[in-house]
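There are 2 protein chains.
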Amino acid sequence: MIDEHHIDALEKLLGDKGIVTGREDMEAYETGARYDRGRAAAVLRPATTEEASAAVGYCVRNGIALVPQAGNTGLVSGSTPDGSGEEVVLSLDRLTRRFALDPDNRSVRVDAGFRLSELNRRLEEYELFFPIDLGADPRIGGMVATNTGGSRFLKYGDVRRNILGLKVVLADEAGTVLDLHSDLRKNNTGVDWKQIFIGTSGAFGIVTECVLNLERLPKQTATAFLVPASGAHVLPLLKAMEERLGAYLSAFEGMSKNAIAGALAHVPSLKNPFPGGNVPEYVILAEISRSWAPRDGEQPLDAVLESVLAEIWETEEAPLADALVGPPHEVWALRHALSEGVKHLGKLIAFDLSFRRGDIMTFCDHMKAEMPQKFPAVTICDFGHIGDGGVHFNVVVAKDSPLLADAAFEQHLREWVVAIAVEQYHGSFSAEHALGRRNQAFYDFYTPEKLKNIAAGLKTLTSPGKLGSVRFG
Amino acid sequence: MIDEHHIDALEKLLGDKGIVTGREDMEAYETGARYDRGRAAAVLRPATTEEASAAVGYCVRNGIALVPQAGNTGLVSGSTPDGSGEEVVLSLDRLTRRFALDPDNRSVRVDAGFRLSELNRRLEEYELFFPIDLGADPRIGGMVATNTGGSRFLKYGDVRRNILGLKVVLADEAGTVLDLHSDLRKNNTGVDWKQIFIGTSGAFGIVTECVLNLERLPKQTATAFLVPASGAHVLPLLKAMEERLGAYLSAFEGMSKNAIAGALAHVPSLKNPFPGGNVPEYVILAEISRSWAPRDGEQPLDAVLESVLAEIWETEEAPLADALVGPPHEVWALRHALSEGVKHLGKLIAFDLSFRRGDIMTFCDHMKAEMPQKFPAVTICDFGHIGDGGVHFNVVVAKDSPLLADAAFEQHLREWVVAIAVEQYHGSFSAEHALGRRNQAFYDFYTPEKLKNIAAGLKTLTSPGKLGSVRFG
Numbered sequence: 001m002i003d004e005h006h007i008d009a010l011e012k013l014l015g016d017k018g019i020v021t022g023r024e025d026m027e028a029y030e031t032g033a034r035y036d037r038g039r040a041a042a043v044l045r046p047a048t049t050e051e052a053s054a055a056v057g058y059c060v061r062n063g064i065a066l067v068p069q070a071g072n073t074g075l076v077s078g079s080t081p082d083g084s085g086e087e088v089v090l091s092l093d094r095l096t097r098r099f100a101l102d103p104d105n106r107s108v109r110v111d112a113g114f115r116l117s118e119l120n121r122r123l124e125e126y127e128l129f130f131p132i133d134l135g136a137d138p139r140i141g142g143m144v145a146t147n148t149g150g151s152r153f154l155k156y157g158d159v160r161r162n163i164l165g166l167k168v169v170l171a172d173e174a175g176t177v178l179d180l181h182s183d184l185r186k187n188n189t190g191v192d193w194k195q196i197f198i199g200t201s202g203a204f205g206i207v208t209e210c211v212l213n214l215e216r217l218p219k220q221t222a223t224a225f226l227v228p229a230s231g232a233h234v235l236p237l238l239k240a241m242e243e244r245l246g247a248y249l250s251a252f253e254g255m256s257k258n259a260i261a262g263a264l265a266h267v268p269s270l271k272n273p274f275p276g277g278n279v280p281e282y283v284i285l286a287e288i289s290r291s292w293a294p295r296d297g298e299q300p301l302d303a304v305l306e307s308v309l310a311e312i313w314e315t316e317e318a319p320l321a322d323a324l325v326g327p328p329h330e331v332w333a334l335r336h337a338l339s340e341g342v343k344h345l346g347k348l349i350a351f352d353l354s355f356r357r358g359d360i361m362t363f364c365d366h367m368k369a370e371m372p373q374k375f376p377a378v379t380i381c382d383f384g385h386i387g388d389g390g391v392h393f394n395v396v397v398a399k400d401s402p403l404l405a406d407a408a409f410e411q412h413l414r415e416w417v418v419a420i421a422v423e424q425y426h427g428s429f430s431a432e433h434a435l436g437r438r439n440q441a442f443y444d445f446y447t448p449e450k451l452k453n454i455a456a457g458l459k460t461l462t463s464p465g466k467l468g469s470v471r472f473g
Numbered sequence: 001m002i003d004e005h006h007i008d009a010l011e012k013l014l015g016d017k018g019i020v021t022g023r024e025d026m027e028a029y030e031t032g033a034r035y036d037r038g039r040a041a042a043v044l045r046p047a048t049t050e051e052a053s054a055a056v057g058y059c060v061r062n063g064i065a066l067v068p069q070a071g072n073t074g075l076v077s078g079s080t081p082d083g084s085g086e087e088v089v090l091s092l093d094r095l096t097r098r099f100a101l102d103p104d105n106r107s108v109r110v111d112a113g114f115r116l117s118e119l120n121r122r123l124e125e126y127e128l129f130f131p132i133d134l135g136a137d138p139r140i141g142g143m144v145a146t147n148t149g150g151s152r153f154l155k156y157g158d159v160r161r162n163i164l165g166l167k168v169v170l171a172d173e174a175g176t177v178l179d180l181h182s183d184l185r186k187n188n189t190g191v192d193w194k195q196i197f198i199g200t201s202g203a204f205g206i207v208t209e210c211v212l213n214l215e216r217l218p219k220q221t222a223t224a225f226l227v228p229a230s231g232a233h234v235l236p237l238l239k240a241m242e243e244r245l246g247a248y249l250s251a252f253e254g255m256s257k258n259a260i261a262g263a264l265a266h267v268p269s270l271k272n273p274f275p276g277g278n279v280p281e282y283v284i285l286a287e288i289s290r291s292w293a294p295r296d297g298e299q300p301l302d303a304v305l306e307s308v309l310a311e312i313w314e315t316e317e318a319p320l321a322d323a324l325v326g327p328p329h330e331v332w333a334l335r336h337a338l339s340e341g342v343k344h345l346g347k348l349i350a351f352d353l354s355f356r357r358g359d360i361m362t363f364c365d366h367m368k369a370e371m372p373q374k375f376p377a378v379t380i381c382d383f384g385h386i387g388d389g390g391v392h393f394n395v396v397v398a399k400d401s402p403l404l405a406d407a408a409f410e411q412h413l414r415e416w417v418v419a420i421a422v423e424q425y426h427g428s429f430s431a432e433h434a435l436g437r438r439n440q441a442f443y444d445f446y447t448p449e450k451l452k453n454i455a456a457g458l459k460t461l462t463s464p465g466k467l468g469s470v471r472f473g
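So the sequence lines, in the order shown, correspond to chains A and B.
The first sequence maps to residues 1 to 473 in the UniProt record's numbering.
The second sequence maps to residues 1 to 473 in the UniProt record's numbering.
Because the hints were derived from the structure by calculation, they are not lab data.
Since the structure is predicted, the reported quantities are computational estimates derived from the model, not experimental observations.
Note that CB positions come from ideal geometry on N, CA and C, so glycine has one too.
You can take every hint at face value.
Straight-line distance between alpha carbons at most 30 Å, and here's what the computed DSBU-like set of lysine-lysine pairs gives: (1) A/Lys466 to A/Lys12; (2) A/Lys343 to A/Lys399; (3) B/Lys450 to A/Lys12; (4) B/Lys452 to A/Lys452; (5) A/Lys368 to A/Lys347; (6) B/Lys271 to B/Lys219; (7) A/Lys374 to A/Lys257; (8) B/Lys271 to B/Lys257; (9) B/Lys452 to A/Lys466; (10) B/Lys368 to B/Lys343; (11) B/Lys374 to B/Lys343; (12) A/Lys257 to A/Lys239; (13) A/Lys466 to B/Lys450; (14) A/Lys450 to B/Lys12; (15) B/Lys347 to B/Lys257; (16) B/Lys219 to A/Lys239; (17) A/Lys343 to A/Lys257; (18) B/Lys450 to A/Lys450; (19) A/Lys450 to B/Lys466; (20) B/Lys347 to B/Lys271; (21) B/Lys239 to B/Lys219; (22) B/Lys452 to A/Lys450; (23) B/Lys399 to B/Lys347; (24) B/Lys239 to B/Lys257; (25) B/Lys368 to B/Lys399; (26) B/Lys466 to B/Lys452; (27) B/Lys219 to A/Lys219; (28) A/Lys452 to B/Lys466; (29) B/Lys347 to B/Lys374; (30) B/Lys450 to B/Lys466; (31) B/Lys450 to A/Lys452; (32) B/Lys257 to B/Lys343; (33) B/Lys239 to A/Lys219.
Residues from chain B shown here face chain A by an in silico Cβ test under 7 Å; the list is partial: (34) Asn105; (35) Asn188; (36) Arg216; (37) Ser354; (38) Ser428; (39) Ser430; (40) Ala431.
Build out the structure end to end from the sequences listed, making use of the hints.
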């Protein structure tokens, strides 16, 4: 437990801007983006790796539990303290000094507290960007801790694929700094240690600096809403697009009618793009893009998309029932409003699942068939990243539903959905949100003992102190 | 040490095809692709993961040292036994049964003994391939153990990027099988354990099955030899190509005059493509490709390449001195002959280095300036993967050179080159060949103690038995 003496000592290490203890000032650090409200003993805000190292070492030597927090935009209670009031938040929000661009190498070294939006704003003049496309605006260190993917995974991959190097503070008595800080794309001289800090919610160490791979900004983009002939035609449509568009294809996002309806109902600025306002059962947002400027003699990208859609229209499989080519900002506005929209429909019970691509629509059909019997009066509002197998499987319960009176209902529903996803479809219960208190029980249940033991051992080898909201062992 | 009793017991587990003990029959398993000749106590050839597990468990319980071997095409003595005659080779060459393609998911599950060529031959009818392009023809398990990159890294990445799942046999008393065997592209539910088996030379476990990401086969390709205005113009040329060609660019390979001359002199089928037969100081092989068939209205890829080169020709930076667009098979024939060619020039001392992209040519210039004073009468024949920072930095010593009489000469030269690469340029001493006995000393010297300790601990947690030719601890 932290006391006045510890507060004074930590303030000496971090300066008066480096520690927050006021109840109101701590509130933002205690509150998760979607669920939960915890209680912090204090919030530490180191401005450099050296400060982080000193503070972490102090806390470990004094048995103080630390929860690392970056942008606090995560959705699984991975970066907020529990309710005990004994955990100290270690925030990256002042780690925003270093920004060392290497345009020749297409890479940048940044402090882990940088916001994604600020990073990309600074990169824009060089026509470069960090190619992870998200609705939220996290800090880079948190993106590493969750290994997030986003809407353009299909083209650019996840955070793991775009990390060249890390600097990490271990939760040991020395606050050891590991410099895994390579700018190299090819380097096979031992264990690639940075991998164990990616997607592991800060439990093995606190990322304070990153070297990121950058990609060239798209300069031409064409988008369309595609209406598949049926749910069974979604995958053939994806394959037909991949066959004809290859590396042009930068998004292939699925949206259910219910999710779209939620967005249209609750985000008044949105235009209903569908003829007669009739939202189809399922809609694909397809995007193609190129990173170079238009050239003489080259077919414009809109024309490429139209001619490919016309060709797919004619194929024997006939996966396409309708297509509406529209300007990117309008098309994406609907996609980005889905999260907000479904929240307004009632109490949201959200799942971040992934499957083999061939199983996504089968799983969703399975749910649509069985859920109404098992849990009457819930609405399925799924949307997701069909191109890479991810699905944000959302279940909404009307706010006045008697189901909500049953304390066990949500837990029961969650376990039922996850069991089918993991056991019947060999899917993942956390595609891109990683682990937090919210899904700890699923980790405990589905992880083989052998892997838990290796994880516990690795934790002892790296960060034996109390670190993070997740128990891996 | 292995004795008759152990041989009998292992033969019972693996059948008579599953164990080799004849001196002549073992020779191919004892001989490295480039360096060294070891001596095996026996060669085990399990045909299934279960057999591998049983054999490995038996060996660990009896203190028998194992060296895993896949295609044995590695270049750092990572997969051959040492000279003691006490190590047993565990070969994957009979692990070639399972081939389970999932075209919807663009993935395949294969036994780790599959040859890259055989895998791609089977995938061809589906217009898919495993996108690692190499001169050699390794088995998949070995590609995982080295995390090899190859000539199209720029577009498709390395093995790590293209592995979805692994099955691994640990060297513990039970021969524990870890099923890290996901077909998922997004899965963040704990430590991504497969990462510790990628690029670590089989020291932490033996990969027996893999799930691989597949890409669509290129259907259009255009290639050219580009002559940069000078060494300093190589990087501006790369950037100009990336700016104008984005995801089309699938190779940007550098070749020094000496390396080309070696290939032309020793591979008689090669055509000298350069005007008047005059080989330029440095040549870039550039390739662009698309995975779709030619379409009406779309500019052919040759024309795209030509118009982009014309545009680059006109830029103020003027990085391009000459360009020869030629058919892919002829252009690549020269590139693929380089390794063979330089071997014929004399005694080859080969380095597999990588740098920030901006440092490659600077490093090579540094070497060209200083090496003649330090090591007179050696020839530098470098070539490499400029687009991703890799360089096969080859030094050739004339076979009759008195230098070769000095036993310490090669060691001395190696240490001098690596020290400059790693200490002055922050490069890597093993870009894509991973670790083996050949570069163990560099691992020992350049790896921080803390990381060696964590590696030793991880080894105990996973494979406490004697496994692999590399000591990580």
